[in-house]
Every structure is written in structure tokens, then in C-alpha cells.
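> On the provided structure of chain Z, position chain E as indicated by the hints.
Each protein sequence line maps, in turn, to chains Z and E.
Counting in this note's numbering, the first sequence runs from 108 upward without gaps.
Counting in this note's numbering, the second sequence runs from 158 upward without gaps.
Be a bit skeptical, because a hint or two may be false.
[Claimed, not checked] Result set (DSS-like, lysine-lysine): computed pairs, CA atoms no more than 27 Å apart in a straight line:
id	chain 1	residue 1	chain 2	residue 2
1	E	Lys171	E	Lys221
2	E	Lys177	E	Lys221
3	E	Lys221	E	Lys198
4	E	Lys171	Z	Lys204
5	E	Lys198	Z	Lys204
6	Z	Lys204	E	Lys212
7	E	Lys223	Z	Lys204
8	Z	Lys176	Z	Lys204
9	E	Lys198	E	Lys177
10	E	Lys171	E	Lys198
11	E	Lys198	Z	Lys110
12	Z	Lys110	Z	Lys176
13	E	Lys198	E	Lys223
14	Z	Lys110	Z	Lys204
15	E	Lys223	E	Lys177
16	E	Lys223	E	Lys171
17	E	Lys177	E	Lys212
18	Z	Lys204	E	Lys221
[Claimed, not checked] In silico contact screen, one side only, chain E against chain Z (beta carbon under 10 Å); selected entries:
id	residue
19	Gln163
20	Pro165
21	Tyr193
22	Ser200
Simulated from the structure, these hints should not be mistaken for laboratory data.
Since we're looking at a predicted model, the values are computed, not measured.
Backbone N, C-alpha and C fix where the C-beta goes; we use that ideal spot for every residue, glycine too.
As a plain string of letters, each chain reads:
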Amino acid sequence: DAKTTQPNSMESNEEEPVHLPCNHSTISGTDYIHWYRQLPSQGPEYVIHGLTSNVNNRMASLAIAEDRKSSTLILHRATLRDAAVYYCFLLSGGYNKLIFGAGTRLAVHP
Amino acid sequence: GAVVSQHPSRVICKSGTSVKIECRSLDFQATTMFWYRQFPKQSLMLMATSNEGSKATYEQGVEKDKFLINHASLTLSTLTVTSAHPEDSSFYICSANGDYSEAFFGQGTRLTVV
Chain Z
108 DAKTTQPNSM ESNEEEPVHL PCNHSTISGT DYIHWYRQLP SQGPEYVIHG
158 LTSNVNNRMA SLAIAEDRKS STLILHRATL RDAAVYYCFL LSGGYNKLIF
208 GAGTRLAVHP
Chain E
158 GAVVSQHPSR VICKSGTSVK IECRSLDFQA TTMFWYRQFP KQSLMLMATS
208 NEGSKATYEQ GVEKDKFLIN HASLTLSTLT VTSAHPEDSS FYICSANGDY
258 SEAFFGQGTR LTVV
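Excised from the complex, chain E in its bound form:
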């Protein structure tokens, strides 16, 4: 089946630095990818829709200047958390749709900002 690979799986960074998370579709092309954030004991929250070759669409309340999304190719979308702070510590997950509308998710990236 289709695979979405996310990297890194874990990252610890210092407050004020930026962190880039990659999401790759390994055996299919994804013109659209989605980015989610999940806090402990909570469900996934959609942050933004990443569109290949165009600007991302952000959900209400998500700061586009803080969470930079780039979708430069049909197999790669990146999420950069800029000037990270401890409250940005979370589990970040990407997904892409397959041919039959099913969604394939990455393994997730656990970000800890210290």
C-alpha cells in the first residue's frame, strides 16, 4: 500500500530556534498533503492543507508565519516551526490521499522545545 514517510520522528530544539519536518509520499504523487498537530490525550487537529506549487491553506487560528509550509514537489511537503517555544511542543503528523480517497499518514514527529 501507499506509504507516507515523515522525518524526523523525534526532535528536541532550543527555544527560539526553527525546526523543519519533512513529509514524503514514497510510492505515489500527492498534490495535496495535510498537516496535523496533536497534544497529549487529545485528538488530531488539522493545521493546514499543503498544495503542490501553491500557497498552503491554514485553518482558523493557525499562524501561517509561525508554521511555514512548502510543497515544492509532488512527493515532498515540509513544515517549519519558526522561533519555536515550549508551547509548540507537540506531535506533528502529515497525511496524503491515495487514489481511492483513503488517507495515508506519516509516523509523526514528536517535537520538544526546551
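Extracted from the complex, chain Z is given alone in its bound form:
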């Protein structure tokens, strides 16, 4: 499995933007970059994914470096509900099993 590295923790204030980084220097051409998050006492939920171009959805934006060796998940205005552990994965098409690392634990302060 291609490996990703993320900071263990980050903090933000409510209503401020948050940039969560992920490094994936061994990414291959067919790997998609996926982000998930796990809120307390819940199963993880899908956030966003992309291949080469930046992506936006109602939850977040994904900025992908030109060389694809890193990406950043952007929460434009953090809310208390965004406090969660965020996970970055590299997935190729079809059958995928997610091997979870520690992820980034995001704390959001009022």
C-alpha cells in the first residue's frame, strides 16, 4: 500500500479556515487521494477525493500539489462539528481496503 503521512494533531478556532496536510511521495499515477473523517463515537465518513485537479464539494476542498506528492484538505470555516480525526488515503480503482494510520486529530475551539 502506498503510504501517507499526516501530522498527529492540529488546532483551529471556530469560523476560521483549516488546512490539513497529507504527504504521499510514493503516489502512483493511478492512485486517487481520498479523505475521510471520524467524528467521536461514529464510523468514519467520506469527505472528498481527487486525482489531479483540485476538487470542491459541500464539505471541503481538496488542493493537490502539481507533482501529486502532497495534498491539503481545506475546511473553509471550521465549526465545532468539524472536530474529528481526519484520514488521508491513496486508493486505486475497484477493490480497496483502507488501512488506517493515526490520522490528524483536529480540535476546534469556540
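Coordinates of chain E only, in the frame set by chain Z:
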């Protein structure tokens, strides 16, 4: 979006009994589902891959006779924790892949063995 439903959300059982957890894909067919276990303050640990119509594939160190997995239809996989003991108390989570490789997770089942 696709939904994966897990039941029950919480269960308390006595030591030595067995507990069955269900994982259903509600609006799509899932030939493959995954089962995870999560201890407090830790990340999810993959236990096994559930394959419809065939035997599950277990990760190293996971006892297949203790954690029985059945995937009898394209929308249902079950995990049975047999002869449960307090050390099996954990948060169990299932997932299934959607059409575009994204994973959809169940709400999780918190098992407490007393």
C-alpha cells in the same frame, strides 16, 4: 449517497455468550465488505474482508473461529463474536465500497462484555 447500516449500535453481553452484528448496504450491492475494530483512543484496525458467497479473508492475528463472518447476500454481512470475553469489548465498524471506490462506513457497534 450510499448508506451502510449497522445493527445494533450498542450491545452488552455476558462473558461466554455470542453476539451477532449486522452490516447492510441499503441502496447498493456490495460484493465486498470490511470489518474493523477500534479500541479507545486508537485508530481503526482492519479485521477481515468479507466476500459475498465465499470465505472471509482475515488479517494476521485475527482469530477466524472467534470472529465468524458470513456474507450470504449482496447487501448483508454479519460478524459474530463467539464466546465473547471482556477483552473483546470494542467498537466494531463495517464498510463497503461504492461505485467510485469511496468507502461507506456503518455507524459502528459498541460491544461491552461483562
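> All hints are to be evaluated individually against the structure, with a verdict given for each.
Outcome of the hint check:
Using a Cα cut-off of 27 Å, the hinted pair Lys171/E and Lys221/E holds, with the two alpha carbons roughly 21 Å apart. A distance of roughly 14 Å separates the Cα atoms of Lys177/E and Lys221/E; the hinted pair therefore holds under the 27 Å criterion. Simply put, Lys221/E and Lys198/E have alpha-carbon atoms about 25 Å apart, close enough for the 27 Å limit, and the pair holds. About 32 Å separates the Cα atoms of Lys171/E and Lys204/Z, which puts this hinted pair outside 27 Å; it is violated.
Proximity of Lys198/E to Lys204/Z is assessed by CA-CA distance (about 22 Å); at most 27 Å being required, the pair is judged to hold. A C-alpha spacing of about 16 Å is found between Lys204/Z and Lys212/E, which places the hinted pair at or below 27 Å, so the restraint holds. Between Lys223/E and Lys204/Z the CA atoms are separated by roughly 22 Å; this keeps the pair inside 27 Å, and the hint holds. At most 27 Å may separate the alpha-carbon atoms for a hinted pair to count; Lys176/Z and Lys204/Z meet this at roughly 21 Å.
With a C-alpha separation of about 24 Å, the suggested pairing of Lys198/E with Lys177/E holds against the 27 Å cut-off. The hinted pair formed by Lys171/E and Lys198/E meets the criterion: a straight-line CA distance of about 24 Å does not exceed 27 Å. Simply put, Lys198/E and Lys110/Z have alpha-carbon atoms about 22 Å apart, close enough for the 27 Å limit, and the pair holds. For the hint pairing Lys110/Z with Lys176/Z, the CA-to-CA distance comes to about 11 Å; that is within 27 Å, so the pair holds.
As the CA atoms of Lys198/E and Lys223/E are separated by approximately 24 Å, the hinted pair is consistent with the 27 Å bound. Pair hint Lys110/Z plus Lys204/Z holds up; C-alpha atoms about 13 Å apart against a cutoff of 27 Å. Annotation: proposed proximity of Lys223/E to Lys177/E holds, straight-line Cα distance about 12 Å (limit 27 Å). Between the alpha carbons of Lys223/E and Lys171/E the distance comes to roughly 16 Å, so the proposed pair stays at or under 27 Å and holds.
With a C-alpha separation of about 17 Å, the suggested pair Lys177/E and Lys212/E falls inside the 27 Å cut-off, and the hint holds. A threshold of 27 Å between alpha carbons decides the hint, and for Lys204/Z with Lys221/E the separation of about 18 Å falls inside it, so the pair holds. Among the interface hints, the one on Gln163/E holds; its C-beta lies about 7 Å from the nearest C-beta in chain Z, closer than the 10 Å criterion. At its closest, the beta carbon of Pro165/E sits 14 Å from a beta carbon of chain Z; the interface hint therefore is violated under the 10 Å criterion.
Given the 10 Å rule on beta carbons, the hint for Tyr193/E holds: about 8 Å separates it from the nearest Cβ of chain Z. Interface hint status for Ser200/E: upheld, as the beta-carbon distance to the closest one in chain Z is roughly 4 Å, under 10 Å.
Hints 4 and 20, counting from the list given before, are not met by this structure.
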